[in-house]
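Colleague: Given next are the chains, with one letter for each unit.
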Amino acid sequence: MLCDNARSGGQGPQSWRAPRRARWQISLEGAVRGSPILQGELLYVPSLAGFLNAINIRGGRLQWKFKASAAIHSTPSLGFGRLLFGCDDGKVIAIDAASGTKSWEVVSDDEVWTSPVVHDESVFFGSADGNMYAVRAETGSLQWKQMLGGRIYSTGHATKGRIYVGCGDGNIYGLDAASGQVLWKTATGNGIDCSPALANDTVFIGSQDFVFYALDAHSGTVRWRYEAELGITSAPAISGDLIIFGCKAGTLHALHIRTGKMIWKSRIGQTVTAPPVISGSVAWIQAGFTFAVDLSDGRVLWKANLGNSVQSAPVVTKDAVYLAGMEGEIYALE
Amino acid sequence: MDRRAFVKRSCLGGLALSLDHWGTSPAFGQDLIPPVPPIHVSEPVGTQVSPLRMPGLYPGRVVEISDARSIVANRVSQAAVGEMLEQGMRELTGERDLRQAWSKFIQPQDLVGIKINPSGAPACCSSPEIVREIVAGVQSAGIPARNIFVYDRYAYEMDIGSYQALVPKGVRVTGVQEHKLDASGYDPNIFCEANFFGEWETRSYMANIVASGVTKIINVPTMKDHSAAGVTGCLKNLGYGTFNNVDRSHRRPFSFTDPLIGIMCSVEPLRSKAVLHIMDGTRMVWHGGPLTQNQDFIFPSGLILVGTDPVAMDTIELERIETKRSKEGAPSVWSRDPQSLTNDGAAFYQDATKNLYYRQPHHIAAAGKLGLGVSDRKLIEHKVIHIA
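Going line by line, the protein sequences match chains C and G. The first sequence maps to residues 38 to 371 in the working numbering. The second sequence maps to residues 163 to 550 in the working numbering.
Hints listed in this document are in silico derivations from the structure and should not be mistaken for laboratory results. Take these hints with a grain of salt, some might be off.
Taking CB as the label site, the calculated pair distances span [stated by the list, open to error]: (1) G/Val546 x C/Gly226: 21 to 31 Å; (2) C/Lys302 x G/Gly304: 42 to 52 Å; (3) C/Arg262 x G/Pro197: 56 to 66 Å; (4) G/Ile547 x C/Gly186: 26 to 36 Å; (5) C/Glu264 x G/Ala509: 24 to 34 Å; (6) G/Ala509 x C/Lys182: 49 to 59 Å; (7) C/Val219 x G/Ala307: 17 to 27 Å; (8) C/Glu142 x G/Ala167: 53 to 63 Å.
In silico negatives: residues of chain C with every beta carbon more than 10 Å from chain G [claimed, not checked]: (9) Ala55; (10) Arg70; (11) Ala215; (12) Gly277.
Just so you know, even glycine gets a beta-carbon here, dropped at the ideal spot from N, CA and C.
The whole structure should be built from the sequences, with the hints applied where relevant.
Modeller: So, in structure tokens, the structure goes:
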């Protein structure tokens, strides 16, 4: 899930300019499934070879890389000056964002593809072992864990007092952030690997039952639902009254956030599983090609055949777009 | 050091397998298709040949279960496919007790691989709903979740199908390779070797998870047309989903999927480990396979086929797809009309009269000649169960 700027591609409103050339390109060791994130001059990119790579964006050179004990599918998060990410051997690791030195690690019983979420003094993450975990951000010591009904590949959304997360058992859960207690759960028609967004006390999330849901954040009651053509893995992005997400049928959908009424729908690729990233008046998304789509009507403004990724999300800044290809190529476009 | 011993065998260029093409394949008679080159196989010596090895416990038997409720509005019904699979397993084995039915194929000490077909995801791939029912069946025979592996060659295709999130807790979900050129998940000693078109790499290696990982395999293909092989079913999902570097066997408009698919399925230990085949025909791709996302060519057929004989099952699948193509006005998969060929992939995906290759559905009968099963329709015991 890439809705907040600390973990995501959306670096704030930028005026639209189509990229014209690659400023640099670098090939990493191993394929890439997670998304890059940017802080200062360092672009952090996880790889399935088990490296967390820090690339200096000035010249596109690798500044350092941290070797984890297993592949990294998880998109990293930033908090307390640290990078946090999950690994396929069940670990969540925190490393110093500047130097790449390990601070702590915590182990779950199955792979962690989700992004750890930093909120207040805690880090929350879900594991394929079916547990949501809360650990102290400073030390990694366990605060609580809560077993849910299925595997967790949905990155939780943390707010003051609450965690919202989708689960492979088809339920959307609202948990108490202090204890992990299940406050409510709402069933959908199939498993969930989409990550939720939150706005106006409403939780937004898609399911493999082809339906996109808007739920009351306090009770889990369904406020509206919208039916897409196939399953929804792509996490939504929000801009004003619009909520945007991709569908596996290869379409991008823009709905009115209060009513669920479709504003536009745009066909962009064979399949869409990655989250869109909104920057100003444009939504960026990787769906085989990389696309820039006009937020007002869904028109494709620009596209490029770069990297074939359907899972990663670009980082959009004032003067460049950074994106990862499926086989480990990283591009800086300007 | 690898202490296993390996032996090479030659498959006479597949020529012997291809001899009876003359009656059914005009293109051979017209010299449109080049001769099959020699194919060599390297496989382990002294592999313990399983009594369950293909064609398995029930040669020639295919159980077809249909239920229109199994797919509604393009969604697969968990409850319906569960009932279909139960009936199919009972009918195949003659066991009333489901646990006994599953126990004919797997024992508690087994490491069980479930070979799915995610190519074509998300529009048509092995349904997670059916995979979940298979997992439950395997567990009923005493296999813990951690000893069940849902796998395929391409991890990224499995990701698109969301299998990781959708299977029960504890089950391992494994892709053999993370990208096209990743060969680290393959056994360098077990391979099929042939030079089809002057390609640089002439070997295709067996995946480690098959060679030395799991002890039993349940094959879960989908029911699909295939632009090069004619159809992709049990045999192709197993052969081309186990060995790497297989798309070199076809170069437009020619394809050596016949006989390579059957030869790959005959290699040990794959042949011994593949003990059960459950074909997901809830959706049928009647044109544009294996990768089409065009819903115009995907029919909600609401079928599941169950058997141990991949040749017999693919023969029935071929019949079903031919019938549907005929009904839709598409040419037969046996057609060798050069006018139907196109180099335009987009045209192929939009027009059911077009194809990229001369399809090779004869690969099924060729596999039969290798002893993998029964392709003679008259000898196939085809049991049909209509639930609704």
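Colleague: Does each hint hold? Answer for all of them.
Modeller: Verification of the supplied hints:
For G/Val546 and C/Gly226, the Cβ-Cβ distance of about 30 Å falls inside the hinted range of 21 to 31 Å, so the restraint holds. Restraint check, C/Lys302 to G/Gly304: a C-beta distance of roughly 48 Å satisfies the suggested window 42 to 52 Å. Taken as a hint, the range 56 to 66 Å holds for the pair C/Arg262 and G/Pro197, whose Cβ atoms sit roughly 59 Å apart. Our hint of 26 to 36 Å for G/Ile547 and C/Gly186 holds, since their Cβ atoms are close to 32 Å apart.
One distance hint, 24 to 34 Å for the beta-carbon pair C/Glu264 and G/Ala509, holds here, with the actual separation near 31 Å. Range check, G/Ala509 to C/Lys182: about 54 Å between beta-carbon atoms, so the 49 to 59 Å window is met. Distance hint for C/Val219 and G/Ala307: a CB-CB separation of about 23 Å, consistent with the stated range 17 to 27 Å. Taking the beta carbon of each, C/Glu142 and G/Ala167 are about 43 Å apart, not inside 53 to 63 Å as hinted.
Consistency note on C/Ala55: stated as away from chain G, and its beta-carbon is indeed over 10 Å from all of that chain's, at 25 Å minimum. Residue placement check: C/Arg70 does not keep its beta carbon more than 10 Å from all beta carbons of chain G (closest about 7 Å). Consistency note on C/Ala215: stated as away from chain G, and its beta-carbon is indeed over 10 Å from all of that chain's, at 25 Å minimum. Every C-beta of chain G lies more than 10 Å from that of C/Gly277, the closest at about 30 Å, which supports listing it as non-interface.
Figure legend: structure checked against the earlier numbered hints; hints not met, in rising order: 8 and 10.
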